[in-house]
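Peer 1: Residue numbers (our numbering), protein chains in the order written: chain A, 11 to 425; chain B, 11 to 425.
Accuracy of the hints is not assured; some may be wrong.
Which copy is meant is left open, so a pair is good if it fits within one copy or across any two.
What the hints assert, rightly or not - With a cut-off of at most 30 angstroms between alpha-carbon atoms, the simulated BS3-like pairs for lysine-lysine come out as follows:
1) Lys119 <-> Lys413
2) Lys109 <-> Lys75
3) Lys30 <-> Lys223
4) Lys191 <-> Lys105
5) Lys187 <-> Lys30
6) Lys187 <-> Lys75
7) Lys311 <-> Lys323
8) Lys53 <-> Lys114
9) Lys120 <-> Lys34
10) Lys120 <-> Lys53
11) Lys30 <-> Lys53
12) Lys370 <-> Lys417
13) Lys83 <-> Lys405
Just so you know, the hints here were simulated from the structure itself, not pulled from any lab data. Since this is a predicted model, take the numbers as computed values, not measurements.
2 protein chains.
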Amino acid sequence: MSRSAIEISGKKFRTANISKRVRKIVISPIKEMSILADLREEKSDADVISFGQGIPWWDTPEYIKNGIREALKEVDTAKYTLEPGITELRVLVAKQLEKSKRVKKVEPKKEVMITVGCQEAIDCALATLIDHSDEVLLLEPGFASHIEQIIQFGGKPIFVPLQERGGWRFDIKECEKRITKKTRAILFSNPSNPTGMVLTKKEVEDIGRLAIKHNLIVITDETYDFLTYDNVKHFSPASLPRLRERVILCGSFSKKYAMTGYRVGFAYADEGIIDHMLKVHDALAICAPAISQKAAIAALKGPQNSVKESIKKFTEQRKLMCRELDSLPHILQYEKPMGAYYILAKVKRPNIDSFKLAIKILYEANVIIIPGAAFGPSGEGHIRFSFAGEPKNIKVGFERLRKWFEKWESRGYNL
Amino acid sequence: MSRSAIEISGKKFRTANISKRVRKIVISPIKEMSILADLREEKSDADVISFGQGIPWWDTPEYIKNGIREALKEVDTAKYTLEPGITELRVLVAKQLEKSKRVKKVEPKKEVMITVGCQEAIDCALATLIDHSDEVLLLEPGFASHIEQIIQFGGKPIFVPLQERGGWRFDIKECEKRITKKTRAILFSNPSNPTGMVLTKKEVEDIGRLAIKHNLIVITDETYDFLTYDNVKHFSPASLPRLRERVILCGSFSKKYAMTGYRVGFAYADEGIIDHMLKVHDALAICAPAISQKAAIAALKGPQNSVKESIKKFTEQRKLMCRELDSLPHILQYEKPMGAYYILAKVKRPNIDSFKLAIKILYEANVIIIPGAAFGPSGEGHIRFSFAGEPKNIKVGFERLRKWFEKWESRGYNL
């Protein structure tokens, strides 16, 4: 199985100088599809509709932008912040964790660090935990970049397949049988990108049991913690006191406050772990952008109506996209997402190469979807849809898809 | 020799879970001193003067901030940019490289990527070039974080000592004798942080000769390229056509435009290298902050008077600090910096532990200076001063230092 839709430029001159591990990784197909679409639009003026990268279509709320305007009046916005982040922001994050996840007594100056988005938080966590050839368990289908992040540090991703039927459920036996002496951590996003799965309390407890038994660290990407549907509750392993010392909770402001461009997130862990993660963060980025940290302060201090409105919009868009998908029952089948804003739909044709399919759809229908194989072996034969985009685009995109699938059917499902 | 002023929290509970390589790295003492000072100010209300982290004391120029205000009106500022950066910015960087460094025909969409400051550009370069136990030559004293960045990816920093007398000169023989089959790259900042050394054209050519002979990649950190004194000219290895394919040029907007807090920089290299670096960048940060990229666009498109004014201010501050240092000839001796805004002064007492000295000076004189040992073995017995701070603070800081050194003398130079 390929993990990439396109070959990189193919310019071989310097290949001998490229590290083996980086030769092994790929650019996440989530971004690769956007880059391809950009090239395509440039060449052909094609108007591409994206169900690809998960970006809320609305702007950052005005109260946050006002916070940024105020920040521009302060000279320290020009300057590096303290390396672990602005203290006020760490205090706000700590309070938020205590309130929304019922974590007890979070110490902002010892246990919270501000990062360049959740992505960098996870990168710091992995560098801190794994040495060359160490293994990390990945619930899969899982976030594509987690795979590359592990390989980039010389580690080995070990895929723990989730059970699609019933909504991509976690199976403790499937997980435990993959644990070896080399296993250092278990990593997942919850709610899940790309499946929309939300771990139950029982599933989180199962993971915790394994972590304690086998001395693993639990890295949890909780970017979408605010976004669940149908009264499903998000449950964080950090809220289990017996797990607290072995959880690295990574979070973000990107999706909750429509701030994906600002690159600001955080990590929360025991200070015995954070101390080491800070060293990696320092070498990697020095500090998160001051202006984005101040935007995050404004986001947390302001009224939270915008979050409620966002949830309302995502809920409507989910309904809309499910309805559109239901109009293609002969082609696609899916588990309804209980959180986040993604659907990983199964293509009801045998032996589908999801990369080939995604490229065809981009070039022939002008719609970006993400090939499921990007998310792990169980993702093959699937395609991921983001429903973070505008309702009118969801409609137009599916009109294009329906037409394309009709043609595809008429040519015998050849790619 | 210790590479750290303080021990991290010492909480041992999770040490068994920490990777060996991260146990080996330290937080850069440049930031560590700021963290210590912050703790100190919090506890004692001490008013600390910093000659530590190199941050221009003035604000980001108004024309750049206006660019940010305009950017807040555009919805795409809220969103991820293309992973390699906003195309307009890549085009501007390419033009700048052609103009100021006479690099020929830079291809913005293939050879330029926008990063989270120069720091991330170098991190991407190192991950791309080195595997476990590979070696990287570091001209030293050199930028402290380069050491940690190499170790973080499992590599081994090999120190190439510069010759202090005459201004920290590069010696090709000292360099060549350290090259082994494991050597993958040579890394330096030019103008140099911490010495203020600027490589001559001849020295750059020498480095290039070694790179070609031994198939090495040259990673050059050119953050301070705009800032040289006494008619010294900066010369980039990227401007040598025969080296072009093996140079990774990393740059920044931080110092030139008083934008250290914005975390935006770039890398320029052959597309056969950039293609791989982009994969690391994706896993590490997704993209540089959109708002900071737009600030950088405003910086490059606007009038460049502010840069001239900055150079004028740095030149005056250099003169002032040299004068202050000259008032302590029995304690300190230094090579006049020809670029950047640092002086690495030798403490004229035998066997000085620069970490102990820096901590004493912070706690007893309320002045931050950076221990020279942070920059490599040749830095031991030295302390680094930044003259990016306000003239009045330079004066007050040196009054404190003179008093402290008097006391130190009276107690027989004990630490």
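Peer 1: Would you mind marking each hint as holding or not holding in the structure?
Peer 2: Hint by hint, here is what the structure shows:
| no. | hint | verdict |
| --- | --- | --- |
| 1 | Lys119 <-> Lys413 | neither (56 angstroms within a copy, 34 angstroms between copies) |
| 2 | Lys109 <-> Lys75 | within (25 angstroms within a copy, 36 angstroms between copies) |
| 3 | Lys30 <-> Lys223 | between (34 angstroms within a copy, 22 angstroms between copies) |
| 4 | Lys191 <-> Lys105 | neither (37 angstroms within a copy, 52 angstroms between copies) |
| 5 | Lys187 <-> Lys30 | both (29 angstroms within a copy, 26 angstroms between copies) |
| 6 | Lys187 <-> Lys75 | neither (49 angstroms within a copy, 56 angstroms between copies) |
| 7 | Lys311 <-> Lys323 | within (22 angstroms within a copy, 38 angstroms between copies) |
| 8 | Lys53 <-> Lys114 | between (55 angstroms within a copy, 25 angstroms between copies) |
| 9 | Lys120 <-> Lys34 | between (36 angstroms within a copy, 21 angstroms between copies) |
| 10 | Lys120 <-> Lys53 | between (51 angstroms within a copy, 16 angstroms between copies) |
| 11 | Lys30 <-> Lys53 | neither (34 angstroms within a copy, 48 angstroms between copies) |
| 12 | Lys370 <-> Lys417 | within (12 angstroms within a copy, 77 angstroms between copies) |
| 13 | Lys83 <-> Lys405 | between (43 angstroms within a copy, 27 angstroms between copies) |
Of the numbered hints listed earlier, those contradicted by the structure are 1, 4, 6, 11.
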